[in-house]
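S.K.: Next come the chains, spelled out residue by residue.
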Amino acid sequence: MVTSLSDKQIQHLYWRTGFGISSAMLKTVRKSSKNQIIDQLFSESKQSSPLQMDFGMLLKNPKDLSREERKQLQKLRKEKMSELNTLWFKQLIDTKQTLREKMTLFFHNHFSVRLKTPRACLHLNNVIRKHALGNFGDMLMEVSKSPAMLLFLNNRQNRKDHPNENFAREVMELFTLGRDNVYTETDIKEAARAFTGWNFSKGGAFVFRKNHHDYGVKTFLGNTGNFIGEDIIKILLEEKQTARYLTEKLYAYFVNETIDQHHVEKLATAFYDANYNLETLLRMMLGSDWFYDPKNIGTKIKSPIELMVGLSRPFHIKYEDPKVLLYLQKKLNQMLFFPPNVAGWPGGKTWIDNSTLMLRLKLASLTLNSGVIEWHDKGDIPENMIIRQQIYTKMKSKLQKKVKATPNWNAFLSTLDQKDKTELTDFVLQPQLSEAAKKLVSQLDATNIKNLIIELLSLPEYQLC
Amino acid sequence: MERRDFLKQSVFASGMALIPSFLKGMEFLSPEQLSGYRNVIIIQLSGGNDGLNSMIPISNDIYHSLRPSIAKKEAQTLTITNDLAFNDNLKAIAALYDLGEVSIINNVGYPNPNRSHFRSTDIWQTASDTNQYLHSGWVGRYLDTNCQYPYQAIEVDNALSLALKGKTMNGIAVSNPNQLYKTTREPFFKGIIANTKKEMLDEDNQGYLYKTMLETYSSASYIYETSKIYKTTTEYPQNPFARNLKTIADFIISGLKTRVYYSSLGGFDSHVNQLNSQDRLLRVYSESVGALVKDLKKNDRFKDTLILTFSEFGRRVKQNGSRGTDHGAANNVVVIGGSLKKAGIYNELPNLSDLDDNGDIKYTIDFRSVYATILNSWLEVDDQKILNTGFGKLEFI
Numbered sequence: 001m002v003t004s005l006s007d008k009q010i011q012h013l014y015w016r017t018g019f020g021i022s023s024a025m026l027k028t029v030r031k032s033s034k035n036q037i038i039d040q041l042f043s044e045s046k047q048s049s050p051l052q053m054d055f056g057m058l059l060k061n062p063k064d065l066s067r068e069e070r071k072q073l074q075k076l077r078k079e080k081m082s083e084l085n086t087l088w089f090k091q092l093i094d095t096k097q098t099l100r101e102k103m104t105l106f107f108h109n110h111f112s113v114r115l116k117t118p119r120a121c122l123h124l125n126n127v128i129r130k131h132a133l134g135n136f137g138d139m140l141m142e143v144s145k146s147p148a149m150l151l152f153l154n155n156r157q158n159r160k161d162h163p164n165e166n167f168a169r170e171v172m173e174l175f176t177l178g179r180d181n182v183y184t185e186t187d188i189k190e191a192a193r194a195f196t197g198w199n200f201s202k203g204g205a206f207v208f209r210k211n212h213h214d215y216g217v218k219t220f221l222g223n224t225g226n227f228i229g230e231d232i233i234k235i236l237l238e239e240k241q242t243a244r245y246l247t248e249k250l251y252a253y254f255v256n257e258t259i260d261q262h263h264v265e266k267l268a269t270a271f272y273d274a275n276y277n278l279e280t281l282l283r284m285m286l287g288s289d290w291f292y293d294p295k296n297i298g299t300k301i302k303s304p305i306e307l308m309v310g311l312s313r314p315f316h317i318k319y320e321d322p323k324v325l326l327y328l329q330k331k332l333n334q335m336l337f338f339p340p341n342v343a344g345w346p347g348g349k350t351w352i353d354n355s356t357l358m359l360r361l362k363l364a365s366l367t368l369n370s371g372v373i374e375w376h377d378k379g380d381i382p383e384n385m386i387i388r389q390q391i392y393t394k395m396k397s398k399l400q401k402k403v404k405a406t407p408n409w410n411a412f413l414s415t416l417d418q419k420d421k422t423e424l425t426d427f428v429l430q431p432q433l434s435e436a437a438k439k440l441v442s443q444l445d446a447t448n449i450k451n452l453i454i455e456l457l458s459l460p461e462y463q464l465c
Numbered sequence: 001m002e003r004r005d006f007l008k009q010s011v012f013a014s015g016m017a018l019i020p021s022f023l024k025g026m027e028f029l030s031p032e033q034l035s036g037y038r039n040v041i042i043i044q045l046s047g048g049n050d051g052l053n054s055m056i057p058i059s060n061d062i063y064h065s066l067r068p069s070i071a072k073k074e075a076q077t078l079t080i081t082n083d084l085a086f087n088d089n090l091k092a093i094a095a096l097y098d099l100g101e102v103s104i105i106n107n108v109g110y111p112n113p114n115r116s117h118f119r120s121t122d123i124w125q126t127a128s129d130t131n132q133y134l135h136s137g138w139v140g141r142y143l144d145t146n147c148q149y150p151y152q153a154i155e156v157d158n159a160l161s162l163a164l165k166g167k168t169m170n171g172i173a174v175s176n177p178n179q180l181y182k183t184t185r186e187p188f189f190k191g192i193i194a195n196t197k198k199e200m201l202d203e204d205n206q207g208y209l210y211k212t213m214l215e216t217y218s219s220a221s222y223i224y225e226t227s228k229i230y231k232t233t234t235e236y237p238q239n240p241f242a243r244n245l246k247t248i249a250d251f252i253i254s255g256l257k258t259r260v261y262y263s264s265l266g267g268f269d270s271h272v273n274q275l276n277s278q279d280r281l282l283r284v285y286s287e288s289v290g291a292l293v294k295d296l297k298k299n300d301r302f303k304d305t306l307i308l309t310f311s312e313f314g315r316r317v318k319q320n321g322s323r324g325t326d327h328g329a330a331n332n333v334v335v336i337g338g339s340l341k342k343a344g345i346y347n348e349l350p351n352l353s354d355l356d357d358n359g360d361i362k363y364t365i366d367f368r369s370v371y372a373t374i375l376n377s378w379l380e381v382d383d384q385k386i387l388n389t390g391f392g393k394l395e396f397i
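Going down the list, the protein sequences come from chains A and B. Residues in the first sequence are numbered from 1 upward in steps of one, following my numbering. Residues in the second sequence are numbered from 1 upward in steps of one, following my numbering.
Treat the hints with caution; some may be incorrect.
[Unchecked claim] Dumping the calculated EDC-like pairs for lysine to aspartate or glutamate here, alpha-carbon to alpha-carbon at most 16 Å:
#	chain 1	residue 1	chain 2	residue 2
1	A	K234	A	D94
2	B	K198	A	E423
3	A	K331	B	D157
4	A	K266	A	E248
5	A	K439	B	E101
6	A	K240	A	E257
7	A	K438	A	E423
8	A	K349	B	E203
9	A	K27	A	D417
10	A	K189	B	D356
11	A	K419	A	E383
12	A	K295	B	D304
13	B	K318	A	D161
14	A	K438	B	E199
15	B	K294	B	E101
16	A	K450	A	D420
17	A	K349	B	D202
18	B	K197	A	E248
19	A	K318	A	E44
20	A	K189	B	D357
21	A	K96	A	E142
22	B	K294	B	D279
The set of hints was computed from the structure by calculation and includes no laboratory data.
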């Protein structure tokens with residue numbers, strides 16, 4: 001068992017469990033053993049910081065509102081959804097509980113919900129955060145009973161004589177067993193019957209409406225009984241396939257999209273035996289030797305949120321106009337709280353197409369240098385250099401007004417430990433450089449460190465972690 | 001030219017000279033070639049459109065009895081025959097129908113239907129069997145086998161669907177050609193492009209990034225330069241879907257050498273109080289397509305265009321407990337074009353007294369027969385190579 005980590009491996013651990021590492025932090029943890037670093041990641045995430053928002057008029061009973069106020073409700077909900085989005089985004093940039101937030105992001109995608117009701121969305125997000133390093137079974141139960149899930153998958157409309165299968169289907173297909181594993185169409189119908197009567201009060205508390213519930217006998221995954229919704233969830237957790245499915249998804253998220261069945265099976269067994277304790281699973285994953293294999297380093301395509309937060313954190317970027325944040329997320333196809341559908345964002349190569357890739361490559365220059373990559377050919381004739389500089393200056397003033405992002409370069413540069421080009425490249429970029437990048441980097445001018453960093457961040461290699 | 005301007009241009013020239021030679025070779029269509037250059041526009045109604053409330057079996061008693069509160073009354077429809085009627089939000093489509101430019105194909109689906117949006121969308125987009133998991137789309141494989149350039153299949157949207165992703169080539173997603181072009185002209189990116197070697201473009205994630213970057217660079221300039229030729233003056237409704245169709249019209253009329261256009265209209269996944277939301281969406285669909293067809297006709301390109309509209313599945317015949325319908329199976333598909341061989345109602349209406357175990361419509365036409373027909377009879381390519389199996393051809397074109 002390897003007990004100490006190289007810089008590259010530490011960076012790997014921090015990218016996968018968070019959003020990269022600062023130069024100062026790297027300097028500190030370099031002295032620690034692997035296990036000490038992992039312990040530290042968990043202790044930093046011991047606390048949970050729920051998102052908090054003032055909902056104003058949305059908290060009132062619509063009956064008590066005037067007609068005029070009721071008209072404004074829809075607009076207010078929309079505004080609050082955007083506010084919720086940027087609130088979490090900023091927490092991701094500022095948080096010290098990075099592992100917890102990274103797991104919250106994972107489950108934000110796993111329990112993918114898209115609604116226009118900000119209160120329900122905030123509540124669900126906090127439920128997920130609370131259990132993010134705890135017990136998956138507890139999370140599943142609380143999520144299933146949350147107003148957000150009851151609303152999104154129509155369980156409120158699921159009633160005796162009028163069953164609505166939406167939640168029953170997705171709880172198996174997406175949340176526990178995985179598509180076409182173990183269950184049949186009949187199991188879906190039977191489970192839907194058990195979930196009848198699940199609802200919530202005006203204040204958002206879970207309620208069981210007895211007169212909507214189907215009290216008949218159900219047969220589900222070979223078990224027969226007078227099941228209620230809770231029983232179905234318990235039976236699903238008894239299936240080892242649930243542990244396997246969750247482990248596969250977590251492995252793809254933290255380690256590699258190409259699943260190693262041998263590793264997954266071992267992890268899934270430990271996860272199942274630990275009664276779905278997420279910390280147990282993660283410690284085993286991050287503590288293994290194979291997690292640090294070169295084939296797992298620098299090979300994952302960053303999600304848009306990982307990319308944006310990863311860029312914003314080291315430079316403490318302040319976004320003056322929240323609309324810019326929403327715009328960027330939208331254009332990169334990952335808007336927090338607005339997943340495309342109940343299956344969430346598929347991730348991996350699907351993040352990349354021609355339009356998203358170009359914006360991703362431009363992102364560093366947009367947020368750190370008003371949209372400009374001040375690139376100069378070595379050996380270019382002086383006239384060209386001057387003209388280029390003039391054009392860059394003009395571009396900057398135009399884009400500055402649009403992006404309204406302020407990076408703190410001083411904070412970044414003053415703590416920067418890596419001084420020469422090779423060290424900087426190793427620190428900024430996780431993968432092995434392609435031939436094109438190697439050649440280009442060798443030509444880059446290292447005298448202007450700010451330009452050099454923007455150029456490194458604008459290489460396709462920065463899209464990987 | 002002033003020396004200064006000359007330098008400016010040489011520094012920021014379009015950069016075609018930098019494109020590695022294996023990507024060179026753009027082709028533009030001359031006006032003579034333009035006429036007769038066939039294309040297909042594929043529109044996905046995402047979320048599972050309830051076909052029974054779009055093309056309504058108005059005289060069918062089972063329809064009315066299974067949908068006591070959501071069945072359409074005759075007054076809410078536009079008559080087609082004694083037995084079938086359009087939802088009255090489909091006015092523009094009905095008008096095209098009367099001109100013999102619409103073919104309605106009923107009961108389109110596949111064996112052992114999957115009722116998950118994602119899985120069924122994958123099945124439709126990859127043209128796979130229900131238990132077969134393909135990672136390439138049918139339009140993507142059309143690119144692989146018959147095309148030279150990514151822009152020969154364009155999705156007018158922010159992201160590229162699986163349908164347009166091939167094994168060796170991807171289509172291009174573009175919602176705004178100007179913006180795409182401008183971004184690719186960044187001098188630093190040109191530097192990356194100039195250093196890229198063919199050997200780097202392998203299938204791992206890094207190779208994929210470089211490959212996408214190269215393809216984007218060359219396609220962006222082509223689309224930008226060519227689509228400047230025509231900007232429509234036809235009036236379109238004010239909504240994002242109509243804007244996308246307008247972009248497609250600009251592309252077609254400008255003479256882009258593109259065979260397949262793809263776009264989608266989302267929001268059909270309603271399980272509750274379905275009528276309002278579906279009616280609103282059908283109106284958006286109909287008015288937007290109506291404007292597109294008008295535009296194409298004005299420029300004499302409608303005869304070369306085929307518009308296919310589908311949804312990943314239909315809805316259950318029986319309404320659910322909340323004035324909505326749950327996920328179903330077979331559905332109708334609408335083909336619109338200026339050169340249809342068989343317009344009208346293509347085949348028999350759904351048999352509502354012979355439903356499957358879930359209470360859904362049984363399929364009688366495999367959706368891949370529709371694809372095979374378009375590939376073979378319209379685009380005139382070998383459909384078996386793309387669909388991997390031979391499917392019977394239909395007679396609508």
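S.K.: What are the numbers of the hints the structure violates, in ascending order?
M.R.: 1, 2, 5, 6, 11, 12, 18, 19, 21, 22
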